[in-house]
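Novice: Now for the letters of each chain:
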Amino acid sequence: MARLPAESSYESVGARMLLLARRAPDLTAMLLMAVAGLGISIYLTTVHYQGVAPVCNTTGVIDCATVTSSSFSVLPGPGNIPITIPGMLWFVVSGGLALVALLAIWRGRLEPSWLRMTHLLWGLVGMIFVLYLVYAEIVVLHRLCEWCTVVHLLTLATFLLVLNRWQLRGLPLPVLVATPARRGEESAVSATSGRKSGRRARH
Amino acid sequence: MAKKRTNRGGAQRAYNGSSSGTPQRPANGANATNATNGTNGAKGATATASPSKSARATADSQSDRIAAARARNAAARAAAERRRSMQGGWLRRRWPIISAVVVVVLIIAVFFAMSNRTPSGSASIGSPVPASILGKVTGVSQSTYEKVGKGTITNPFKKAQGNPPPPVNKAADGRPIILYVGADYCPFCAAERWSLVMALSRFGTFKDLTLMQSSSTDTYPNTNTFSFHGSSYTSQYLDFQSVETQDRTGQKLDSLTSAQQAIFDKYDAPPYIDAQYKGSIPFISVANQYIEISAGFIPDQMQGMTWQEIADKLNDPNSSVTRSIVANANYITAAICQVTDNKPANVCTAAPIPQMINDMKAGK
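First to last, the sequence lines map onto chains A and B. Sequential numbering from 25 applies to the first sequence in this note's numbering. Sequential numbering from 13 applies to the second sequence in this note's numbering.
Derived from the structure by calculation, the hints contain no laboratory data. Predicted model only: the values in this text are computed from it and were never measured. Note that the Cβ used here is the ideal one computed from N, Cα and C, for glycine as well. One thing to keep in mind: the hints can contain errors.
As the list claims (entries may be wrong) - Partial chain A-side listing against chain B, Cβ under 10 Å, derived:
(1) F96
(2) I109
(3) M112
(4) L113
(5) V116
(6) L165
(7) H166
Sequences are here, hints too, so could you generate the full structure?
Specialist: Dropping the structure here:
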């Protein structure tokens with residue numbers, strides 16, 4: 025593993041965050057996608073309750089108004105709860121799980137052992153839901169919704185990233201700050217990073 | 013300190029998945045004690061007989077070095093493991109992701125195939141409405157709705173008035189009830205269904221609609237249409253209830269519930285309609301606020317046209333068939349919007365609906 029500059033080189037939080045984004049681009053991307061998906065979900069929920077059409081194409085095959093006003097736009101049962109609300113929940117949880125992993129790297133701690141499998145299962149739930157909605161769009165409604173498609177792609181990308189992280193679950197976490205070499209054991213420190221002991225990496 | 017480092021080395025072995033579970037030994041094969049003794053030779057023997065501080069310090073230093081060596085070995089194994097896992101073929105490293113993408117693409121391809129499937133053979137009575145037809149009925153463009161407007165037809169609805177005015181007929185969940193009563197054999201029902209499916213698809217989704225023709229022995233025989241028998245409709249804005257009382261040969265089909273029968277008996281009769289038309293079908297009650305009997309247009313222009321031919325013209329505002337169907341659909345939409353509190357807004361505020369609502373309220 026490449027040696028890193030000493031912690032003193034990264035005094036500002038911003039610089040540390042940039043370094044964190046570079047060292048964990050997959051987690052950073054998942055967090056940003058969760059924010060984007062949450063934003064779109066909030067927007068679609070708002071237009072649902074306002075009873076107006078989203079800003080999008082409304083003619084031909086690409087017709088988000090038809091999709092968002094269809095019976096598939098609400099949860100089964102009373103209350104006409106828009107389906108965007110569980111979508112918001114999904115992105116909040118997904119972003120939260122990515123944040124937990126990022127904080128573990130930030131603090132030089134182990135990420136929880138359940139994290140990757142939980143995130144993978146959560147991503148799988150999201151993908152099943154997305155495929156159901158794509159089925160409704162293509163097979164039942166014969167219409168595609170741009171906003172929904174963006175949300176579906178964000179979910180797919182998140183799922184692929186968590187799948188990749190799950191595949192790499194045996195490898196060491198990225199190290200945010202370097203551990204000063206001490207008595208010739210720099211390799212061991214940089215590789216272990218306090219993973220198994222659960223203690224802070226020595227700074 | 014030495015003990016602490018030894019533990020760290022042990023943890024690292026476990027992390028690296030070592031199956032032996034035995035402490036790592038120096039490269040020369042000697043155990044830790046031997047290594048220590050081997051380094052110090054006779055001095056070590058003297059120290060055993062009479063241990064001194066310097067001998068213990070030397071022993072500690074040796075233990076530190078051994079522990080450090082173990083840690084280095086463990087780290088090297090970790091790095092090697094990582095390299096091995098990352099140095100496999102690109103396909104080998106990425107197979108879970110590639111598999112997931114392939115599965116998703118295949119599933120979506122199946123969806124498209126299902127979307128484009130048509131009933132075996134040509135379209136026939138009783139078969140599911142092909143996507144190529146239903147998609148055009150439910151996918152009329154906004155510009156077509158706007159260009160056609162009222163078309164050449166007069167308002168087919170009559171405002172249900174009374175003292176007091178009849179209450180809005182709502183389902184238990186608060187959605188207004190749109191009741192349709194018709195029959196498969198009925199040619200005017202056949203015409204009306206094109207507009208009904210078109211208008212109602214702006215508020216919700218039909219499922220399991222089937223192709224139908226009106227009676228071959230009635231007026232405007234064999235008018236191509238759909239049947240609501242066996243279909244379902246879901247909408248967050250309204251509750252559409254359809255009853256096809258007879259099939260195209262006049263055999264009994266669906267029955268009205270007592271509530272539906274009560275509405276039919278009350279509103280398909282004077283003073284809501286002319287006495288001569290009492291009990292006529294098609295009958296449409298828009299939450300008991302607007303009543304329509306018979307069709308908004310006569311199906312003469314549809315004679316001889318297949319389902320597909322009618323559907324293919326539905327985005328042509330210059331087609332006489334389209335003008336009749338779409339104009340009637342606009343009237344139905346305007347009537348429904350008045351009982352859904354103008355929801356959805358993208359339908360109820362789009363031209364020409366607001367103007368038609370105003371005209372209907374004015375009795376035009």
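Novice: Given a cut of 10 Å on the nearest C-beta pair, is the interface hint for M112/A held or broken against chain B?
Specialist: violated, 18 Å
Novice: Using Cβ atoms only, decide whether L165/A comes closer than 10 Å to chain B, and label the hint accordingly.
Specialist: L165/A check passes; min Cβ-Cβ to chain B is 6 Å, inside 10 Å.
Novice: Let me know if the C-beta of F96/A comes in closer than 10 Å to any C-beta of chain B, holds or violated.
Specialist: Since chain B brings a Cβ to about 7 Å from F96/A, closer than 10 Å, the hint holds.
Novice: Taking 10 Å as the limit, does the beta-carbon of I109/A come near enough to a beta-carbon in chain B?
Specialist: Cβ of I109/A sits 14 Å from chain B, so the hint is violated.
Novice: Restraint: V116/A near chain B, CB-CB cut 10 Å. Satisfied or not?
Specialist: violated, 23 Å
Novice: Given H166/A was flagged as interface, is its beta-carbon under 10 Å from a beta-carbon of chain B?
Specialist: Result: holds, 4 Å to nearest chain B Cβ.
Novice: Hint check: is the beta carbon of L113/A less than 10 Å from a beta carbon of chain B?
Specialist: violated, 20 Å
Violation of the numbered hints given earlier is confined to hints 2, 3, 4 and 5; the remaining hints are satisfied by the structure.
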